[in-house]
Each structure stands twice: as C-alpha cells, then as structure tokens.
Amino acid sequence: MTVPLCSRLFSSPSKNLGRRSTENGQKPTGGHRDSTGKPPTDECSYQNSRQTPSPSPPPPRLSSPSSSLRFGTLGTPQRRRRPGLGGSFPAEMARSSEKNLSDACMISAVRPATEARAEEAIEAIKGGKVIAVPTDTLYGFACDACSSEAVNRIYEIKGRRHTSPLAICVGDVSDIPRYAVTDHLPSGLLDALLPGPVTVILGRGDSSILEKSLNPGLDSIGVRVPDSDFIRVICRGSRSALALTSANLSGQPSSVSIKDFEDLWEHCAYVYDGGILPSGRAGSTIVDLTRLGKYRILRPGSAKEETIAILERHSLTEGS
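Position in the sequence shown counted from 1, then plus 614, gives you the working numbering.
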C-alpha cells in the first residue's frame, strides 16, 4: 500500500531538514511562495495555510523538499521524475521491460533433460500440461494421451488440424497391448524393433484405453518406444501413454535443437534441453503393421533399411 506523501514526512520536517542543511554547510531556504509572497495552500504544505500569520516575519524554514528531491515511503529523499515523464515509464521503456520479463519467463521454463528433472515433468503431464522433450530422433511436444484438453492444446500450439493424427509414446514394449492390438504379430517382433527410431501403426481395438478424442474416426494408432531414457522415465512415472508429435508449427521443418522452436517455448510448461540431436530431421521410420503377415513403409525416416531387415526376418512381406 502506498502511503500518502503527507503521512510520509517527518513530524518536524523544518527542524530535521534544517539540521541536515546545516550539517551540509548550507543554509535553509525559504520554500516556495506564490507571486504575492504567500506560501502555497496545498494540503500537503508543511504549514497549515489556514493559520493566521504572525505580525513578525517567520523564521527561515523549508516549506517543501528541494525541487529535485521528494520523500519515499520511509522518508528517504528520492529524485523527482523529469518533467514530461508523466509519472510513468515512457512507452518504449515499458515495452522493453515487458519483453525482458517475457524472455525471462521463457528462459526459466527451459530445463536440462536429466533424471533429476523427470519428476517435475511427470507432475506436469499429470496436471494436463504440454511439455517439450527430446527423443531418439527429434524434439517433440508431449502430453497425457488420455486427456482431451491436453491433446487439444497440442493441436492449438502446432496450428494443426485435428484430422492429422498424433502418435503415442509408451515407456516399454510391454505397455503397447494396453493401447493397441498386437496379438496378430510374430512373437518377438516388437522387441526387435523397439526401443528405437520406429513408429509402428497398429489397430486400436475396442479394449484400448485411449481417449476417444485422440485421432477420432481412426481405428489405428501410431506407437513409439523411443530409445531415450528421459522420455521413457516420464511415460512410466505418469502411468499413461503420451501423445507425441514433432515440436514445430505444422508444415515447418522438424526440430533437432530447442532453438529450432524457440517461438513456441511460451506455450509449454517446460522445455527440456537434450542438446543437438544427431539423427537429423528425417524422424522415425513409420511402418504399418495392421495386416496379418504384411508390412508397409509409410515414411522412410532414419531407420528404413534396418526396419525392413527385422520385418523380413520375422517372415513379414511387403504389402501394397
């Protein structure tokens, strides 16, 4: 609460200020007077303007602080603002201050992608927030795949149409059957492909616990188990699949560094920095495994040849 100027002055300002002036080797001045020689009638004047002046000249006193000083909350002299400032920062200074504050807030959201930071990331996911995380391929936006509000937030951040599906990320291969149909796949196939830079497309099935607002109208889902400890720890701790998509505006180049999507930091609860990712911008290899005994490469990505070799070792053939 700002204390009025009148209440902030010392009880005996003339005496105190006079002493200060004497100690500084200066004589007290007579204060401000109008053109008739009378003191001002401002309600904060040191002397009550309604008092009848004595016949004899009053002793020298200070009716107000020096024109270049004013008193702060505790009676400390402070410099007056220069005329023309109107008691507030100029517009350009205000804009600069707001930008610096915004930059500081954005920077404060950046964290190292270390095990020590995993717990706060888990709490953010449980709280329905969106975070940015490194994977084994690209940086991605992640949220709870079973939270419709969080999923919608990702679409808003990316400026992406809801008709473009999102993949999910789980902590371990053993989690996949909770979200997708796997009983038609050869034994050991998923363990050979994952963890790794591969997205497998599988049927959702009626038993999937995924939120229906995730990729509505589609009976399949892309599933990832990245070869990245940080995001897998978050998946395990949140006890849910993460909706995962590349950290960029829709249609823009993918991100291999947090600097690549700096303009989007402010939309994330946290941005986890894992450095520059070495795999390039190709992203994961996407393979459709919805058909019995067949595979179809939907995106070459960064591991096409290795993926095909594993699929064919498990007796799958390429379908149309």
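Be a bit skeptical, because a hint or two may be false.
Said to hold, decoys possible - Computed list of lysine-lysine pairs in DSS-like fashion (alpha-carbon distance at most 30 Å, straight line):
1. Lys740 - Lys826
2. Lys740 - Lys873
3. Lys908 - Lys743
4. Lys826 - Lys743
5. Lys908 - Lys918
6. Lys826 - Lys908
7. Lys918 - Lys873
It should be emphasised that the hints constitute simulated quantities derived from the structure, not laboratory data. Being a predicted model, the structure only gives us computed values, none of them experimental.
The hints, checked one at a time:
Proximity of Lys740 to Lys826 is assessed by CA-CA distance (about 18 Å); at most 30 Å being required, the pair is judged to hold. Between Lys740 and Lys873 the alpha-carbon distance is near 26 Å, which keeps this suggested pair within the 30 Å criterion. Restraint check for Lys908 and Lys743: not satisfied, since their Cα atoms lie roughly 37 Å apart, outside the 30 Å limit. With a C-alpha separation of about 19 Å, the suggested pair Lys826 and Lys743 falls inside the 30 Å cut-off, and the hint holds.
Distance check on the hinted pair: Lys908 and Lys918 sit about 16 Å apart at the alpha-carbon level, within 30 Å; holds. With a C-alpha separation of about 27 Å, the suggested pairing of Lys826 with Lys908 holds against the 30 Å cut-off. A distance of roughly 28 Å separates the Cα atoms of Lys918 and Lys873; the hinted pair therefore holds under the 30 Å criterion.
In this structure, only the earlier hint numbered 3 is contradicted, and the remaining ones agree with it.
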